[in-house]
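S.K.: Okay, here's what each chain looks like letter by letter:
2 protein chains.
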Amino acid sequence: MKKSFLLSVVFGLMGTAVLAGQEKFPVESYEELPQFVKPDAKEWESVKGTRISWGSTHERYAKTSVPMKNLSRLQGISGWRGEKVAAQAVVWSRDGLEELSFEISDFKGPKGQVIPSGQFEAGFVRYVMADEVRKDGNCGSREDRSLFDSTMVADCIDPYLKTAALAPMNTMPVWISCRIPQDIAPGTYKGKVIFKDGERTVGALDLNILADSHVLPEPSQWHFHLDLWQNPYAVARYYQVPVWSREHLEAMRPMMERLASAGQKVITASITHKPWNGQTYDWFESMVTWMKKADGSWAFCFDVFDMWVEFMMSCGIDRQINCYSMVPWSLSFKYFDMTTNTIKSVDSAPGEKAYDEVWTCLLKAFASHLKEKGWFDICTIAMDERPAEVMQKALNVIKKADPDFKVSLAGNYHPEIEDQLYDYCITINENFPEDVLERRRSEGRISTLYTCCAEGYPNTFTLSPLAEATWIPLYAAAKNVDGYLRWAFNSWTREPLLDSRFRTWAAGDTFLIYPGNRSSMRFEKLIEGIQAYEKIRILRNECRNGKDTGKTAQLEDALASLRIADLAETPASIAVDKIMVILKN
Amino acid sequence: MKKSFLLSVVFGLMGTAVLAGQEKFPVESYEELPQFVKPDAKEWESVKGTRISWGSTHERYAKTSVPMKNLSRLQGISGWRGEKVAAQAVVWSRDGLEELSFEISDFKGPKGQVIPSGQFEAGFVRYVMADEVRKDGNCGSREDRSLFDSTMVADCIDPYLKTAALAPMNTMPVWISCRIPQDIAPGTYKGKVIFKDGERTVGALDLNILADSHVLPEPSQWHFHLDLWQNPYAVARYYQVPVWSREHLEAMRPMMERLASAGQKVITASITHKPWNGQTYDWFESMVTWMKKADGSWAFCFDVFDMWVEFMMSCGIDRQINCYSMVPWSLSFKYFDMTTNTIKSVDSAPGEKAYDEVWTCLLKAFASHLKEKGWFDICTIAMDERPAEVMQKALNVIKKADPDFKVSLAGNYHPEIEDQLYDYCITINENFPEDVLERRRSEGRISTLYTCCAEGYPNTFTLSPLAEATWIPLYAAAKNVDGYLRWAFNSWTREPLLDSRFRTWAAGDTFLIYPGNRSSMRFEKLIEGIQAYEKIRILRNECRNGKDTGKTAQLEDALASLRIADLAETPASIAVDKIMVILKN
Chain A
92 MKKSFLLSVV FGLMGTAVLA GQEKFPVESY EELPQFVKPD AKEWESVKGT
142 RISWGSTHER YAKTSVPMKN LSRLQGISGW RGEKVAAQAV VWSRDGLEEL
192 SFEISDFKGP KGQVIPSGQF EAGFVRYVMA DEVRKDGNCG SREDRSLFDS
242 TMVADCIDPY LKTAALAPMN TMPVWISCRI PQDIAPGTYK GKVIFKDGER
292 TVGALDLNIL ADSHVLPEPS QWHFHLDLWQ NPYAVARYYQ VPVWSREHLE
342 AMRPMMERLA SAGQKVITAS ITHKPWNGQT YDWFESMVTW MKKADGSWAF
392 CFDVFDMWVE FMMSCGIDRQ INCYSMVPWS LSFKYFDMTT NTIKSVDSAP
442 GEKAYDEVWT CLLKAFASHL KEKGWFDICT IAMDERPAEV MQKALNVIKK
492 ADPDFKVSLA GNYHPEIEDQ LYDYCITINE NFPEDVLERR RSEGRISTLY
542 TCCAEGYPNT FTLSPLAEAT WIPLYAAAKN VDGYLRWAFN SWTREPLLDS
592 RFRTWAAGDT FLIYPGNRSS MRFEKLIEGI QAYEKIRILR NECRNGKDTG
642 KTAQLEDALA SLRIADLAET PASIAVDKIM VILKN
Chain B
92 MKKSFLLSVV FGLMGTAVLA GQEKFPVESY EELPQFVKPD AKEWESVKGT
142 RISWGSTHER YAKTSVPMKN LSRLQGISGW RGEKVAAQAV VWSRDGLEEL
192 SFEISDFKGP KGQVIPSGQF EAGFVRYVMA DEVRKDGNCG SREDRSLFDS
242 TMVADCIDPY LKTAALAPMN TMPVWISCRI PQDIAPGTYK GKVIFKDGER
292 TVGALDLNIL ADSHVLPEPS QWHFHLDLWQ NPYAVARYYQ VPVWSREHLE
342 AMRPMMERLA SAGQKVITAS ITHKPWNGQT YDWFESMVTW MKKADGSWAF
392 CFDVFDMWVE FMMSCGIDRQ INCYSMVPWS LSFKYFDMTT NTIKSVDSAP
442 GEKAYDEVWT CLLKAFASHL KEKGWFDICT IAMDERPAEV MQKALNVIKK
492 ADPDFKVSLA GNYHPEIEDQ LYDYCITINE NFPEDVLERR RSEGRISTLY
542 TCCAEGYPNT FTLSPLAEAT WIPLYAAAKN VDGYLRWAFN SWTREPLLDS
592 RFRTWAAGDT FLIYPGNRSS MRFEKLIEGI QAYEKIRILR NECRNGKDTG
642 KTAQLEDALA SLRIADLAET PASIAVDKIM VILKN
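These protein sequence lines map, in sequence, to chains A and B.
Using the numbering used here, the first residue of the first sequence is number 92, and each one after it goes up by one.
Using the numbering used here, the first residue of the second sequence is number 92, and each one after it goes up by one.
Keep in mind the hints are simulated off the structure, nothing from the lab.
Do not rely on the hints blindly, as some may be mistaken.
The list cannot tell twin chains apart, which means a pair is met if one copy fits it or any two copies do.
Capping the alpha-carbon separation at 25 angstroms, the derived lysine-lysine pairs in BS3-like fashion look like this [claimed, not checked]:
#: 1; residue 1: K425; residue 2: K365
#: 2; residue 1: K425; residue 2: K435
#: 3; residue 1: K435; residue 2: K115
#: 4; residue 1: K283; residue 2: K570
#: 5; residue 1: K199; residue 2: K175
#: 6; residue 1: K199; residue 2: K129
#: 7; residue 1: K435; residue 2: K365
#: 8; residue 1: K444; residue 2: K129
#: 9; residue 1: K384; residue 2: K455
#: 10; residue 1: K160; residue 2: K384
#: 11; residue 1: K202; residue 2: K287
#: 12; residue 1: K484; residue 2: K226
#: 13; residue 1: K638; residue 2: K383
#: 14; residue 1: K669; residue 2: K435
#: 15; residue 1: K384; residue 2: K175
#: 16; residue 1: K139; residue 2: K669
#: 17; residue 1: K160; residue 2: K464
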């Protein structure tokens, strides 16, 4: 599959074309990059007419191959009432179709009850450029495209595309999901998906949805501590709207509501310029305005921060605000110098006079502002991994400014500062000591796991096996931690709909959602895992309350057998399916 | 004298050397650029030993020529008590001197009274690079050095240089000035200047100072409206001190006190970024901080403006504050955008919505601030020449913001807006209609004249005849206007002590004072003219009060005969001397 070079050239041209003359980046409709693996006519020889089948949601079906894996005529999917369930259909044809479309029927269940077709969210699955995941934990540069194979991969679920031309010897997946209403009767709901070419029906697939008697609470009630970092700056750039304008907020709203409905708990706020040194295509600006007055004193304005927090809360994300970062990688803090009307910077490290002075001023002003807003108790001063002595010095400054400030860290496990961290997220390959975890829970502290570029698996890269996204929350349940953090919900690449690769890290590392509020198969599979985590939590509670159906012991056994190392050899789907079967029964 | 090319090369090298490694620009001691006109041995053949003589303050004696003009053994200078008087001595030698120095004695007068030597300000005259004045009024670029002849010219008066080596066949002028104490007895004060080479006395020159019975008031009481624009940014850059730091103010203080003692009335304040489009080597930053808040409203901070005004007032310049500019040449107004933490600009012209909005906000806030400070009545919103309709639109915005705002303009005479201008300065080649001038005076308005690059003569370029600087205030007296404006007191070139040329305009256009608070012969000659203006004013008053000594009619005749056009043929010194003789008698 060494076609990377060719692809880079193709992409290079396309990418340039899209931006020429400052045209808008596509939102509603777009053309994918060309498939560079051409269909093998021999493989397609035996395919008669147009074929339609259910596939598996674990699979990314290749565009130019005949789908083979996990096909079935009848699909039965089950879930708790309130749960979002999904199915994937595939359509393929030797001769192609001019105008493929699909329709979802109403689903009829017991006692004349119906899940109306409007309850479904569905879309053709689109293909995006991705480069291979490196399993060795190396996070380095990917500017030299010849070092990594690239491929077009199914990932984006596109509800805008109502009809699609299917080229000869091509496959078209369709992703169909449905949040089972909480208030319908348990039982089986039967419906179908009808496929058409223009006006002509080319086939239909039956679908049974089994609604369990259990009810999954609203996402806002989920306990799973989901922390996918949001990047408002990427949205402003992609939509070409002024940052923090009304249009900007409008563009973000559906995406952030989607994030809320996945159970997101945390608002990502930047309180310094480039808290992550501009590592993303769209770097983060400070939501706190830093200004130095002519008399040398500091002034801070929180208007943008307030606007962002209030906006996010209006989208349903209102449990926690994590503020990055007192220890940005560059330790250079930009501010507006009112004396010279220029942007300057304080270049100083924790423990140094200039650092401690400006941060003490900022944190005192910030604490007072947060208290006025009633947000002090849900706000944390958030850090990424830094040397322990640097973090300890930063912690000293925080405590001096206000001893009640909460602190977050996403980093390695450091026992010496653990007790100072309210929200502590460690890498998935580490473990909190059991007694620490227990104590943290009893103190109301949050303990979670993260993956980033360093973890070849499990992960949520564009080319990660889809089931790994589901596997992660199950692992969190097994480890008894509170949730999962990933550093990028939407730190988009330049043209994420076309190319999910970035100059660093494996493709897809930087985002889980596409422009136009398009979900990804990865994101949907993560939600599946989060829902399973919630179900396990509820079942564990029922067990503690003596309502055990015998299922819990089975479940705990299956969870206890989850091993990261096993993923090197055994697809995550095996372990995931095993647990899902237990949950279903 | 076509040596420009050579000189540019020499200067190029020197200039670079001075800045290499961010060395400091010289303040206390420095080496001049080399003289490129070599002495003519034949001319010097007849010069025996070291020669010393009084010269004339009208003359710039060449470094490598035998001084010939206006030499005298005894110099008598006269002035009113309180007046600053000056003399110029010249020392020249065929064989050179190793360590030339001079000493000024106490000056003994009637009734045992003394003008102590400490009352004198004196210094060797230094040579600076200058290019020729263009008489055609063309203000264009001088980047092509081959278009203008350059020469080293005597201008800077250097009190730091206590001993000087005089090269063989070189001339060294010495400038000596003295403010005659107001409280000494009228009469003749006799003293001398002794010249030494190391410890050896090489000669002495007698000097008589005749103190008139008249008393010239303190410069702060002078009526002459002197408006030389100050550039604090040039000082910060040259002294390599942070702008508006304590060191910056300390560096400016002696220069601004010198300016105050020349009768300066106006504080030059910049309220926009680059009010003159960065035309000077050091452009002006806004002393008002412009900020736009996240809700779209404007915020202005006047801390720097206040600091500057208070500093200037502490230097003795406190009559007026001129604020530039609502109509800068680029009509682009920079501000700090608090939403994005970036510097942005409003690009809008008078009459447009964005312009009117931001200026109405600024002017209202400014008026309120000025009133709080008690400065509203001495503050003007100041403009340079712009098309009349543009100025009228700006005036409309000013009047809307606060109808009592005073307005200044330095530009052509526009009868249609004249009555809206409190401080109106027109070019020296124009005239206010006599009735307008009279009315303006009766209304307490200020009417002055200016010269800039466009006036070949009279002017104060490094190569302008020195007497022109004196001629200008006399002409103002003749025209019955209130004073004189020049746009640059200290908009220094990169290394003004070495080279007074600039990329535009004739050399010396951009400054009248040198780093280290060194005065120039031009500036001293201007002061001489300003003092004459004050004396004329006082004599006219005396005449009106019946104390006419017969001198006034003579004076008015001489003043009435001043014609700019005559300067093309007849040196200004002739007319100046004629008037000075009348004033003396």
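S.K.: Now tell me, hint by hint, if it's right for this structure.
M.R.: These are the hints, each one checked on the structure:
1. K425 x K365: Both. Shortest intra-copy (9 angstroms) and inter-copy (23 angstroms) distances satisfy the 25 angstroms Cα cut-off.
2. K425 x K435: Both. Shortest intra-copy (6 angstroms) and inter-copy (16 angstroms) distances satisfy the 25 angstroms Cα cut-off.
3. K435 x K115: Answer is between: at 23 angstroms across copies they meet the 25 angstroms cutoff, but 33 angstroms inside does not.
4. K283 x K570: neither (39 angstroms within a copy, 100 angstroms between copies)
5. K199 x K175: within (17 angstroms within a copy, 107 angstroms between copies)
6. K199 x K129: neither (42 angstroms within a copy, 110 angstroms between copies)
7. K435 x K365: Classified as both: same-chain Cα gap 14 angstroms, cross-chain 19 angstroms, threshold 25 angstroms.
8. K444 x K129: neither (63 angstroms within a copy, 58 angstroms between copies)
9. K384 x K455: Answer is both; intra-copy 17 angstroms and inter-copy 22 angstroms each pass.
10. K160 x K384: Answer is neither: 66 angstroms inside a copy and 57 angstroms across each miss the 25 angstroms cutoff.
11. K202 x K287: Classified as neither: same-chain Cα gap 31 angstroms, cross-chain 123 angstroms, threshold 25 angstroms.
12. K484 x K226: neither (35 angstroms within a copy, 68 angstroms between copies)
13. K638 x K383: Close neither inside one copy (62 angstroms) nor across copies (61 angstroms); limit 25 angstroms.
14. K669 x K435: neither (57 angstroms within a copy, 58 angstroms between copies)
15. K384 x K175: neither (53 angstroms within a copy, 42 angstroms between copies)
16. K139 x K669: Cα proximity of K139 and K669: none, with 35 angstroms in one copy and 116 angstroms across.
17. K160 x K464: neither (54 angstroms within a copy, 82 angstroms between copies)
Hint violations for this structure: numbers 4, 6, 8, 10, 11, 12, 13, 14, 15, 16, 17, all remaining hints satisfied.
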